[in-house]
Amino acid sequence: MADKKFRMGSDFEEQAAIVVGWPRLIEPVKGVFPEGTVHEIIANLIGHVDKIIINCGWPGSSARCREMLEEGGIDLNDVIITEIPDKMHWARDYGPDIMGNEDGELQCVHFRFDMYGMGEEDGEMSIMCKKYGPHMAIELGCTNLVASTMISEGGDKEFNGAGIMMAVEDTEVRKRNPDKTKEEVEAEFKKLFNLEKIFWIPYSTWEDEESTIGVLDYVDGQPVYRAGSANGHVDEIARFVDKNTVLLLEISEEEAQELESARITKERCDMAYERLSKETDCEGNPIKIIRIPAPIPEYVLTTPADRQNRTWGKRFSDNGDNLLDDGTPSPEGNIIMQPAQSYVNYLVCNDVVIAQSYWQPGKSEKIKQRDEEAMNILRSAYPGRTVIPVYAMSLNLSGGGGIHCLTKNIAKY
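By my numbering, the letter at position 372 of the sequence shown is numbered 612, and the numbering carries on one by one without gaps.
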């Protein structure tokens, strides 16, 4: 197989399967259980892809998953339930990167893993996540494994299916592989995925940086902290819509003037636009750029009674002084958090786009209007596909991930 020309398919091509991570039964996130959101995502995938694999990685979660699916009217014959150990359910990041060739043969690229640059490779969680990809690849019929010397996660790799990958430079080099140069990292990616080009986004959004670097923002004089993050993924800021079109986050001047975090993210989006506007696809065609706004920021007051509050404490910098990386004290007691909101973190699966939305009855009209604006942009970007909004706050708040993070596309080759 070594001589075969494998390629990594794109999300917007025909998909053979979608892998979904099922969360363990935990406390609700301000009244909403994450598993309810996951159930809704699965329900909207039924009939749109041949194979839906739901992985229940926590002991006992499989029984709960089956119960919820049946109660919600989903025929268990329409899904495959696996029990590969996984305590985080972010299938996008450590799930299998499966390539294919013209003969229908499959090959899985397997990366090292260190908890998003925030842990150790030999830690229990890192080892569990590293085992996940090969096991799921075998479940999908792929036994040809190619190991990489690099650390990397799926949420930071976007493919156009035609020789180009897009990723965050700061993440892949400084944060994950500081022992390698950018040139070495790029060469490894090109070799692994048979790429001609890599589009390097300088940085991800400011909201997607590591939680322990410090205060995210100040609102009404109160410090606001990140609820969690992937520590710099491209799927929070930019996505391929087709082989030469990119959907890119846009922050307005007004938003940048209102919030320091928005100002920093705007600078990063502007740098990304500057780079992408000079790129071409492998045939020499210029890259088209579609802009999409950010959700209206929402802030959640958590108390020590909330799981999100208690687990946040485990991320504090271990420097002996109980300080965050910017020198500010680690928060104690009540913590105001901003969830990892994004309209860019959507799932494309054949004829549907399952998008993150944020309005619910009782919320402001501004949130509703922003949702509608984003959904209309997605409809325009993906003509012929049905855009399905799913309220995603429980996923965003429960670990810094979203709909795209929870799922893994397996292209049909």
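Errors might be hidden in some of the hints.
[What the hints assert, rightly or not] Straight line, CA to CA, 35 Å or less: simulated DSBU-like cross-link-like pairs of lysine-lysine: (1) Lys518 / Lys291; (2) Lys528 / Lys431; (3) Lys528 / Lys606; (4) Lys606 / Lys244; (5) Lys291 / Lys327; (6) Lys431 / Lys608; (7) Lys420 / Lys291.
Quick caveat, the hints were computed from the structure, so don't treat them as lab data.
Checked hints:
Note on Lys518 and Lys291: the hinted pairing is violated, with a Cα-Cα distance of about 39 Å set against a maximum of 35 Å. Taking the CA atoms of Lys528 and Lys431, the gap is about 26 Å. The hint holds against a cut of 35 Å. Distance check on the hinted pair: Lys528 and Lys606 sit about 29 Å apart at the alpha-carbon level, within 35 Å; holds. Note on Lys606 and Lys244: the hinted pairing is violated, with a Cα-Cα distance of about 52 Å set against a maximum of 35 Å.
Of the supplied pair hints, the one linking Lys291 and Lys327 holds, its CA atoms being roughly 23 Å apart against a limit of 35 Å. Restraint check: the Cα-Cα separation between Lys431 and Lys608 comes to about 45 Å, which exceeds 35 Å; the hinted pair is violated. At roughly 38 Å between alpha-carbon atoms, Lys420 and Lys291 are farther apart than 35 Å, so this suggested pair is violated.
Against the hints set out earlier in the document, violations occur for numbers 1, 4, 6 and 7.
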